[in-house]
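K.L.:
Sequence:
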Amino acid sequence: MTDPDVSRTLKQGFEALRSGDHTRAKALSEQILKTDPDSPHGHHLAGLAEQQRGDAGAATRHLEQAVQGAPNQPDFRLNFGVALDRLGRFDDAAGQYQAALSLTRGDPSFAAKASANLGFTMRRKGDYMAAIKAFDEALSLDSGHIGAQLGFVNILGNIRAPEHSPDLEAALVRGVHLTHANLANLSGAIAHQLDLKYGVAFAGDGGKTSLETTPYNVLARDPLLKAYLEHCLNTDPAMEFFLTDLRRNLILTPLDGITDDALSVAALLARQCFMNEYVYLTEDDETACAANLKQHLQDTLKQNPDPDSIRTAATLFALYAPLSTLEGRDILAAMAPDALGAALDRLVELTLRDPRAERDIQDRLETLHPIRDETSRAVGAMYEENPYPRWLHAQAQQPTTVSDFLTGLFPHFTPPGFGAAPEILIAGAGTGQQVVLVARTHPDANITAIDLSKASLAYAVRMTRALNITNTRFLQADILDLADLNQTFDMIQSVGVLHHMKEPRLGWRVLADLLKPGGVFKVGLYSARGRMGVEACRQTIADEGIGSTPADIAQFRRRLLTASQTGKDASLREVVTVRDFYTTSMCRDLLFHIQEQGTTPKGLADDIASVGLEFIGFEGFEDAGINAAYREAYADDPALVDLGNWEAFEAAHGPLTDLYQLWCYKPVDS
Numbered sequence: 000m001t002d003p004d005v006s007r008t009l010k011q012g013f014e015a016l017r018s019g020d021h022t023r024a025k026a027l028s029e030q031i032l033k034t035d036p037d038s039p040h041g042h043h044l045a046g047l048a049e050q051q052r053g054d055a056g057a058a059t060r061h062l063e064q065a066v067q068g069a070p071n072q073p074d075f076r077l078n079f080g081v082a083l084d085r086l087g088r089f090d091d092a093a094g095q096y097q098a099a100l101s102l103t104r105g106d107p108s109f110a111a112k113a114s115a116n117l118g119f120t121m122r123r124k125g126d127y128m129a130a131i132k133a134f135d136e137a138l139s140l141d142s143g144h145i146g147a148q149l150g151f152v153n154i155l156g157n158i159r160a161p162e163h164s165p166d167l168e169a170a171l172v173r174g175v176h177l178t179h180a181n182l183a184n185l186s187g188a189i190a191h192q193l194d195l196k197y198g199v200a201f202a203g204d205g206g207k208t209s210l211e212t213t214p215y216n217v218l219a220r221d222p223l224l225k226a227y228l229e230h231c232l233n234t235d236p237a238m239e240f241f242l243t244d245l246r247r248n249l250i251l252t253p254l255d256g257i258t259d260d261a262l263s264v265a266a267l268l269a270r271q272c273f274m275n276e277y278v279y280l281t282e283d284d285e286t287a288c289a290a291n292l293k294q295h296l297q298d299t300l301k302q303n304p305d306p307d308s309i310r311t312a313a314t315l316f317a318l319y320a321p322l323s324t325l326e327g328r329d330i331l332a333a334m335a336p337d338a339l340g341a342a343l344d345r346l347v348e349l350t351l352r353d354p355r356a357e358r359d360i361q362d363r364l365e366t367l368h369p370i371r372d373e374t375s376r377a378v379g380a381m382y383e384e385n386p387y388p389r390w391l392h393a394q395a396q397q398p399t400t401v402s403d404f405l406t407g408l409f410p411h412f413t414p415p416g417f418g419a420a421p422e423i424l425i426a427g428a429g430t431g432q433q434v435v436l437v438a439r440t441h442p443d444a445n446i447t448a449i450d451l452s453k454a455s456l457a458y459a460v461r462m463t464r465a466l467n468i469t470n471t472r473f474l475q476a477d478i479l480d481l482a483d484l485n486q487t488f489d490m491i492q493s494v495g496v497l498h499h500m501k502e503p504r505l506g507w508r509v510l511a512d513l514l515k516p517g518g519v520f521k522v523g524l525y526s527a528r529g530r531m532g533v534e535a536c537r538q539t540i541a542d543e544g545i546g547s548t549p550a551d552i553a554q555f556r557r558r559l560l561t562a563s564q565t566g567k568d569a570s571l572r573e574v575v576t577v578r579d580f581y582t583t584s585m586c587r588d589l590l591f592h593i594q595e596q597g598t599t600p601k602g603l604a605d606d607i608a609s610v611g612l613e614f615i616g617f618e619g620f621e622d623a624g625i626n627a628a629y630r631e632a633y634a635d636d637p638a639l640v641d642l643g644n645w646e647a648f649e650a651a652h653g654p655l656t657d658l659y660q661l662w663c664y665k666p667v668d669s
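Residue 22 in numbering that gives the first Met the number 0 sits at position 23 of the sequence shown, with consecutive numbering throughout.
For the record, the hints were derived by calculation from the structure and aren't laboratory data.
One thing to keep in mind: the hints can contain errors.
[As the list claims (entries may be wrong)] In the DSS-like style, the derived pairs of lysine-lysine whose C-alpha atoms are separated by at most 25 Å in a straight line are:
(1) 10 - 33
(2) 33 - 132
(3) 601 - 567
(4) 501 - 521
(5) 567 - 501
[What the hints assert, rightly or not] Simulated restraints on C-beta separations:
(6) 160 - 487: 30 to 40 Å
(7) 567 - 653: 37 to 47 Å
(8) 128 - 504: 24 to 34 Å
(9) 504 - 364: 44 to 54 Å
(10) 632 - 594: 50 to 60 Å
(11) 341 - 164: 24 to 34 Å
(12) 567 - 594: 37 to 47 Å
(13) 502 - 166: 50 to 60 Å
(14) 632 - 442: 35 to 45 Å
(15) 546 - 502: 21 to 31 Å
(16) 37 - 166: 28 to 38 Å
(17) 6 - 442: 51 to 61 Å
(18) 363 - 632: 45 to 55 Å
Predicted model, so just to flag it, every value in this text is computed and none were measured.
Glycine included, every Cβ here is placed at the ideal spot set by N, Cα and C.
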């Protein structure tokens, strides 16, 4: 084989890998190695093919030969490191990444990739400081590197320093402003730093904290507090008490007593209140003040006022309700951004213009059929009241093929080739957060996203448009009617959906029938054991006849937040640690849902078998350390796929999760 022949064959091999066809890539590598058994490029291609196939051992052997034959090829070093990492040889993998870095100082993009890989390896090894250093180096080389951003924020979010740290605070502020990060990971870490900085943990016990007595000019200029209120959802009980008290102090202050700094703080807090759907408990005097402000604003808006005359009143009213609830809102929406000022204009955009755009989108949404099933109609009605979940930032992932994505999750699994443009169904798309994640991970895919709720879908359409995501079709539909799509899919994802059906197995059956042979199915289902605290709350709500209005939800939440460790509600308190407790619609979904069923590993096994699928594995258990414990207990199941073992393991060790996220596949011969 001549050099041009080798180059052409290598090009064809890499094209095959990009399309997910590892079988063809392996065959092409064998053509090269047949002519030259020591060819570094041939072994490199063979190693990548084995890696995509899921055989890390074979990949390592080929890539080691590639590195031995061409030690100065940085991409060989990098890919050898990936294979070693998958085998758990973290020190060896780190050595290869460091060697790759030493060879690529003139290529910032490649060096950033190597540094990010080093960061992930150090994280898996448990050396978090080394991981942060590596991610920081990657971001200094390429500030937009998705993997480095995700890794940096993931580690920061798990740090709970024993005392306030200005360096950690600066890193957290930096993390909030990273484009692709999952900001939910930072919420707890930031709240903890604010606690240490200001003494927030003592809020709500009847005494004053240093934060409560800190002047507004300090709060308005605190970059960490500003970043927190503007970009993160508070999920900290102590911070909720403080923010509730802060809101109360602001609304009860006469308009002419609101300083510029107080107004800045109010604008930030109003954004937080919209994000949590006004979940905080409101006292009667606050309700009266908000009602008076509303009337004042509506009377003033009739006069086509100067924005300066309504700025304070509109900002304070937005602490308690969206500006879209005002009569005269069209006048407010039409005011020029410069006239409104940046802070109020952002509130008008968030709480008035965006919801109005969503209502326009609803009128044009495609519908498969009117929702006919009684349970489906009732569930859909819940989500029409509030788009669920409301989100402002979407996490990204490194774009990859479906095959590489699955191999990364499950090294033992050999996925089939899915073609260059796989068909993906998101069954239960909600407000589109999952859709964005999938669309960014698989930008070449064609995605169909369905949901019962037009309000949620309209939110999803608006957000995906804002993010320039164009490979998704949205339509209102019931899973029970999806056979009428007359389409099959390479991948289906349905997370947090089937357990809200009257007969979940009907949903399993419909979706399994839509899966192509060789296709994969991700499903997320509530754990019966993992949600015992939730079930205790649901039982209390049913026994006491507690309603599900926003006011009812706020009252019940405050009851749990203030419950003593020894009182009658002590057993219910564990739900205050759940993220979904901290917005109105998420709390309604968590504790007040009209239809919910939990399951177990045994139940999952029965469901999977009943529709002719096969289990691949649980997502998320590797990083949580659950897989390692399972391997110790069941060494004869290295693929971690025996759900009978998982049933016994959970029964012995306690709940594994509150939401099982698992993958299955449809055998090719089915």
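K.L.:
Compare the structure with each hint and give your call.
P.N.:
Going through the hints against the structure:
no.: 1; hint: 10 - 33; in the structure: holds (17 Å)
no.: 2; hint: 33 - 132; in the structure: violated (43 Å)
no.: 3; hint: 601 - 567; in the structure: violated (33 Å)
no.: 4; hint: 501 - 521; in the structure: holds (20 Å)
no.: 5; hint: 567 - 501; in the structure: violated (32 Å)
no.: 6; hint: 160 - 487: 30 to 40 Å; in the structure: violated (51 Å)
no.: 7; hint: 567 - 653: 37 to 47 Å; in the structure: violated (24 Å)
no.: 8; hint: 128 - 504: 24 to 34 Å; in the structure: violated (48 Å)
no.: 9; hint: 504 - 364: 44 to 54 Å; in the structure: violated (29 Å)
no.: 10; hint: 632 - 594: 50 to 60 Å; in the structure: violated (35 Å)
no.: 11; hint: 341 - 164: 24 to 34 Å; in the structure: holds (31 Å)
no.: 12; hint: 567 - 594: 37 to 47 Å; in the structure: violated (28 Å)
no.: 13; hint: 502 - 166: 50 to 60 Å; in the structure: holds (54 Å)
no.: 14; hint: 632 - 442: 35 to 45 Å; in the structure: holds (40 Å)
no.: 15; hint: 546 - 502: 21 to 31 Å; in the structure: holds (27 Å)
no.: 16; hint: 37 - 166: 28 to 38 Å; in the structure: violated (50 Å)
no.: 17; hint: 6 - 442: 51 to 61 Å; in the structure: violated (28 Å)
no.: 18; hint: 363 - 632: 45 to 55 Å; in the structure: holds (54 Å)
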